[in-house]
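Q: Take a look at the letters that make up each chain.
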Amino acid sequence: MDSLRAREVLRLYRPGTTDALDPQMAEALQAVQRDPELGDWFEEHCGVYIAIRNKLKQIEVPQDLKRKILLENIGREKVIPLHRRPPVLWAAAAAIALLLAGTWFLNKPATKPSFTKFHEWKIGEVQRGYAMIGNTNYAQIVSYLTTNHFIANYTLSKALAKLPAEGFATKPYQGKPVTMLCFNGGIVKNGKTNDLYFFVAQRADFADSPSPGKKPRFGHAGKYTTASWSAGDKVYILAGQGDDSDLQQYID
Amino acid sequence: MSDDLGFESLVARYYGPLYQFAFSLTRAEADACDLTQQTFYIWATKGHQLRDGSKVKTWLFTTLHREFLNMRRKVVRFPHFELTEMDQDLPAISPEMVNTLDSARVVELLDQVNEPYKAALALFYMEDYSYKEIADILEIPLGTVQSRISRGMAQLQQLILETPRKEAHG
Chain A
-7 MDSLRAREVL RLYRPGTTDA LDPQMAEALQ AVQRDPELGD WFEEHCGVYI
43 AIRNKLKQIE VPQDLKRKIL LENIGREKVI PLHRRPPVLW AAAAAIALLL
93 AGTWFLNKPA TKPSFTKFHE WKIGEVQRGY AMIGNTNYAQ IVSYLTTNHF
143 IANYTLSKAL AKLPAEGFAT KPYQGKPVTM LCFNGGIVKN GKTNDLYFFV
193 AQRADFADSP SPGKKPRFGH AGKYTTASWS AGDKVYILAG QGDDSDLQQY
243 ID
Chain B
-19 MSDDLGFESL VARYYGPLYQ FAFSLTRAEA DACDLTQQTF YIWATKGHQL
31 RDGSKVKTWL FTTLHREFLN MRRKVVRFPH FELTEMDQDL PAISPEMVNT
81 LDSARVVELL DQVNEPYKAA LALFYMEDYS YKEIADILEI PLGTVQSRIS
131 RGMAQLQQLI LETPRKEAHG
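Chains as they are written, first to last, in our numbering: chain A, -7 to 244; chain B, -19 to 150.
Read the hints as simulated data drawn from the structure, not as lab findings.
Mixed in with the good hints, there may be bad ones.
Claimed, not checked - Capping the alpha-carbon separation at 30 Å, the derived lysine-lysine pairs in DSS-like fashion look like this:
no.	chain 1	residue 1	chain 2	residue 2
1	A	Lys58	A	Lys109
2	A	Lys150	A	Lys207
3	B	Lys37	A	Lys226
4	A	Lys154	A	Lys104
5	A	Lys49	A	Lys215
6	B	Lys35	A	Lys58
7	A	Lys163	B	Lys26
8	B	Lys26	A	Lys60
9	B	Lys37	A	Lys49
10	A	Lys163	A	Lys206
11	A	Lys226	A	Lys58
12	B	Lys112	B	Lys35
13	B	Lys37	B	Lys112
14	B	Lys37	B	Lys26
15	A	Lys163	A	Lys184
16	B	Lys35	A	Lys168
17	B	Lys37	A	Lys60
18	B	Lys112	B	Lys26
19	A	Lys163	A	Lys60
20	A	Lys207	A	Lys163
21	A	Lys49	B	Lys26
22	A	Lys58	B	Lys26
23	A	Lys60	A	Lys109
24	B	Lys112	A	Lys207
25	A	Lys154	B	Lys26
26	B	Lys112	A	Lys150
27	A	Lys207	B	Lys26
28	A	Lys104	A	Lys184
29	A	Lys168	A	Lys150
30	A	Lys215	A	Lys184
31	A	Lys58	B	Lys37
32	A	Lys226	B	Lys112
33	A	Lys154	A	Lys168
34	A	Lys49	A	Lys109
35	A	Lys215	A	Lys154
36	A	Lys226	B	Lys26
37	A	Lys215	A	Lys109
38	B	Lys37	A	Lys168
Please read these numbers as outputs of a predicted model, since none were measured by experiment.
Next up, chain B with everything else stripped away, as it sits in the complex (with noise of 0.2 Å):
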């Protein structure tokens, strides 16, 4: 599996997951471009410190996560959300209301989900990822991902069962 690491078959198989979970993050394609080549800078001087093989991706995807939180930290400072709040019920949403948005819309969408599920839920949305391997990722314990992800796939159905009313009132 040692040609697996090579930097060239690395970049071929995982440039376009890392830039489009930057993209879900950062909804800029600047910043999603700068995060996904930072990333495989820090893989292409450090990587050789990851002994186990089987965790390039994951090592991948937590350390682009770490860049986004560092840009972040520069600009903003995150507000607080009270994560013991009551779980509210899933929005009901239909596949075909889904299917009426393109793409870019369904990222502005997630972009409005509070910062603290956003990654969370695009790694859910996005990725095969176990719970297990998104906490990893996001370096949260297993509990938080799975409140993470459900708040935030909340807060995002209601968001798209609220977009047609507020297009159709322009």
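Extracted from the complex, chain A is given alone in its bound form (with noise of 0.2 Å):
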């Protein structure tokens, strides 16, 4: 696909979302990384989107709306008597009810895992090698991710879209689901590639993940620094080599 096509493909692009599964787009957005030229009109055309985005997500809802639909609905749906359930109907209630009790009763609420030790834990194994699905065509990793079912509604920073993707893996901590993006972030030293390791977890899923809004938290551990931080209902490590200015500029 040429860069002209390419680029009236990629009008209709959305960054963050299922489009790049489109095989069009995915084929659009590998021109992307050979024509700097469009490099270039990509990054604003994405920019321009996520301003009027973020502008049109602005609109407030009024305060007292929900309260003003549940008033006037409530007792209005249409549910079937409880009196004329069919009997097999009650059965399969009771039956749930039970197997609930059980459920509840062998496997009490078990605690969260901590967003520290995943932290910790993600950051070591990075320094001993993240063991990963080496791939550098990005589409083809967000498609196998959503495929799948694992973690692939993340948002990332114009920054880290633009960096060509190295791989990827999806292993679960304490049995929560885990998105790795690995990415080139050029060369640092010795001619040695500075890869940068993208995490994604559900922010629920641990006890002390950070609060959305807030700053990213930077760490060191050995030649990497790491910055994590949470945005809607998501939660995100980053890891890289450099200092915290090197890590930032891919968060903003």
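Now that you have both chains on their own, put them together as the hints suggest.
A: Structural data, given as structure tokens:
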């Protein structure tokens, strides 16, 4: 696909959505990697999309709207009255109640894993050499994650989205789903590549996840700097070589 | 997942996005509230007919859009727009230009976009629906969705481009 056609296709591209799964979009995204001029246009295009989206998402919802809807409609919902439900439903309900009670008794609510421990564990793994599936085709990675129901609805910063992909992993932590994407952050020292490890998990899965809206928390482990933050229902960790400002550029 | 279909949890989850969609179409708080309330009223009375629980969100957006069209039909007859015209190139605007505008101004500019493009454009920006889902909600073919978004986007960006000049000259 030439750059002109790619630009035409990417007019409808929305960063952070499943658009990248579309085969035409995926092909056009590859053209972005090859053509710096197209890359500049694409970056601006994504920036404009995000800016307009953010403005529209700021539309304020009247505070009492939810209450009004509930007041008007509670009780109006068409449900089958209990006394008219067939006996089989009563039996099923009783069985489900017994099953739930039994399940609760056997598996009393477990405490959530600690985000601090999760962070330490993952950075330890990065230092030891993180096992991942090598793949430089970002669109294919996203497609795989989505198709196989791994976490794929994360938000990438523009700077990170511009980097070439190196690979990914989907190893869970204490049964909680985790997606890791690895990006090529360029050459650092001695001709070695600075791999950036971007971890995404569900914020609610951890007991002490950072609060959304707060500035990223930086940490240091060996030659790696880490940043962790929350946005929406996700919690993120970014690890790479360099200092805090080197990492910050990939978060903004 | 049946508890997800409980009325209160449905309202809690979707009244915000539905109101924002309605407001982007009407730019009037009262109309947007009416449309949102009407949508949940229809759900309360007919929602039990929906068999596939995964389609609730799409159902609500489709219903709201239908109600919007009904409301508009009573007020104005849509002008006919020729959809076979050539796609124009996107006006060159930057994120910074958008960021100088407040949210209300962007909604106002969206309101100036030609009527047939507006709903598709609002869903394009505000929700993470696939193009197929947008087509289902608006009950139009996929290709039409894409051309409406493309043209609507060009119009909106042109309006954004012109805004500072208009304001600079009072």
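Q: Against this structure, judge whether each hint is valid.
A: Hints, one by one, checked against the model:
no.: 1; hint: Lys58(A) <-> Lys109(A); verdict: 39 Å, violated
no.: 2; hint: Lys150(A) <-> Lys207(A); verdict: 17 Å, holds
no.: 3; hint: Lys37(B) <-> Lys226(A); verdict: 21 Å, holds
no.: 4; hint: Lys154(A) <-> Lys104(A); verdict: 34 Å, violated
no.: 5; hint: Lys49(A) <-> Lys215(A); verdict: 40 Å, violated
no.: 6; hint: Lys35(B) <-> Lys58(A); verdict: 21 Å, holds
no.: 7; hint: Lys163(A) <-> Lys26(B); verdict: 43 Å, violated
no.: 8; hint: Lys26(B) <-> Lys60(A); verdict: 19 Å, holds
no.: 9; hint: Lys37(B) <-> Lys49(A); verdict: 17 Å, holds
no.: 10; hint: Lys163(A) <-> Lys206(A); verdict: 27 Å, holds
no.: 11; hint: Lys226(A) <-> Lys58(A); verdict: 26 Å, holds
no.: 12; hint: Lys112(B) <-> Lys35(B); verdict: 13 Å, holds
no.: 13; hint: Lys37(B) <-> Lys112(B); verdict: 14 Å, holds
no.: 14; hint: Lys37(B) <-> Lys26(B); verdict: 14 Å, holds
no.: 15; hint: Lys163(A) <-> Lys184(A); verdict: 25 Å, holds
no.: 16; hint: Lys35(B) <-> Lys168(A); verdict: 27 Å, holds
no.: 17; hint: Lys37(B) <-> Lys60(A); verdict: 20 Å, holds
no.: 18; hint: Lys112(B) <-> Lys26(B); verdict: 24 Å, holds
no.: 19; hint: Lys163(A) <-> Lys60(A); verdict: 45 Å, violated
no.: 20; hint: Lys207(A) <-> Lys163(A); verdict: 27 Å, holds
no.: 21; hint: Lys49(A) <-> Lys26(B); verdict: 29 Å, holds
no.: 22; hint: Lys58(A) <-> Lys26(B); verdict: 19 Å, holds
no.: 23; hint: Lys60(A) <-> Lys109(A); verdict: 44 Å, violated
no.: 24; hint: Lys112(B) <-> Lys207(A); verdict: 37 Å, violated
no.: 25; hint: Lys154(A) <-> Lys26(B); verdict: 47 Å, violated
no.: 26; hint: Lys112(B) <-> Lys150(A); verdict: 26 Å, holds
no.: 27; hint: Lys207(A) <-> Lys26(B); verdict: 45 Å, violated
no.: 28; hint: Lys104(A) <-> Lys184(A); verdict: 38 Å, violated
no.: 29; hint: Lys168(A) <-> Lys150(A); verdict: 27 Å, holds
no.: 30; hint: Lys215(A) <-> Lys184(A); verdict: 13 Å, holds
no.: 31; hint: Lys58(A) <-> Lys37(B); verdict: 16 Å, holds
no.: 32; hint: Lys226(A) <-> Lys112(B); verdict: 26 Å, holds
no.: 33; hint: Lys154(A) <-> Lys168(A); verdict: 28 Å, holds
no.: 34; hint: Lys49(A) <-> Lys109(A); verdict: 34 Å, violated
no.: 35; hint: Lys215(A) <-> Lys154(A); verdict: 24 Å, holds
no.: 36; hint: Lys226(A) <-> Lys26(B); verdict: 35 Å, violated
no.: 37; hint: Lys215(A) <-> Lys109(A); verdict: 19 Å, holds
no.: 38; hint: Lys37(B) <-> Lys168(A); verdict: 27 Å, holds
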